[in-house]
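Heads up, the final residue of the sequence shown is numbered 167 in my numbering, and it's a clean run with no missing numbers.
Because the hints were derived from the structure by calculation, they are not lab data. Watch out, some of these pointers could steer you wrong.
[As the list claims (entries may be wrong)] So the derived label-pair ranges between C-beta atoms look like this:
(1) S26 - A73: 29 to 35 Å
(2) E148 - N51: 14 to 20 Å
(3) E71 - A50: 24 to 30 Å
(4) S118 - R45: 32 to 38 Å
(5) R138 - R165: 19 to 25 Å
(6) S100 - R52: 33 to 39 Å
(7) S118 - L24: 18 to 24 Å
(8) R45 - V137: 16 to 22 Å
(9) G74 - R165: 35 to 41 Å
(10) P78 - L38: 37 to 43 Å
(11) Q123 - R68: 21 to 27 Å
Here a beta-carbon is modelled for each residue, glycine too, at the ideal position from N, C-alpha and C.
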Amino acid sequence: MSLKSLLLVEDNSQDELLTVRALRRANVANRIDVARDGQQALDYLFREGEFAGREGPELPTVVLLDIGLPRLSGLEVLSRLRADDRTALLPVVILTSSDEEQDRLMGYELGCNSFVRKPVDFAVFAETVARLGVYWLATNEPPRDR
């Protein structure tokens with residue numbers, strides 16, 4: 022059994038720090054990798070570009086994906102993940118500050134597993150992230166490799 026890991030795709034360094042801190046405070050000891058733009062996320066997931074020789078699990082257990090990313094938006098990343106057999110079933114949680122119904126609708130149409138708005142209050146944000154981490158890394162049963 023491989024160690025479960027999480028990929029955080031987040032371009033805001035403050036949100037990255039808060040997310041990782043909240044996961045660690047919730048005793049999530051799993052590997053957390055970070056991609057800071059949409060193209061870097063795809064390169065990480067498909068082991069291309071700077072990640073061609075990446076060590077660790079083939080795919081993370083879950084991706085926490087922001088929408089407003091440089092180079093490729095989170096929705097573009099999600100679309101490409103769902104179009105590829107290798108990542109079609111990879112759990113993707115959109116974690117965003119967007120409260121636009123159009124973003125939420127498009128996220129679900131493209132196949133996200135969950136859409137979570139980032140709370141503004143730090144304590145609520147930390148609790149939300151902690152619950153996401155525990156659920157997706159410890160409680161959820163992902164599909165077995167095909």
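Okay, the hints, checked on the actual structure:
Between S26 and A73 the C-beta distance comes to about 18 Å, which lies outside the given range of 29 to 35 Å. Roughly 18 Å separates the CB atoms of E148 and N51, a value that falls within the hinted 14 to 20 Å. Range check, E71 to A50: about 26 Å between beta-carbon atoms, so the 24 to 30 Å window is met. Remark: the range hint 32 to 38 Å for S118 to R45 is contradicted by a beta-carbon distance near 22 Å.
At roughly 31 Å, the beta-carbon separation of R138 and R165 lies outside the given 19 to 25 Å, and the hint is violated. A beta carbon spacing of about 26 Å between S100 and R52 contradicts the range 33 to 39 Å that was offered as a hint. The hint said 18 to 24 Å for the Cβ distance between S118 and L24, and at roughly 30 Å that hint is violated. Between R45 and V137 the C-beta distance comes to about 19 Å, which sits within the given range of 16 to 22 Å.
Between G74 and R165, the C-beta spacing of about 26 Å breaks the proposed range 35 to 41 Å. Checked against the hint of 37 to 43 Å, the pair P78 and L38 fails, with Cβ atoms roughly 23 Å apart. As the Cβ distance of Q123 to R68 is approximately 33 Å, the hint placing it in 21 to 27 Å is violated.
In summary, the structure is inconsistent with hints 1, 4, 5, 6, 7, 9, 10 and 11 from the numbered list given earlier, while agreeing with the others.
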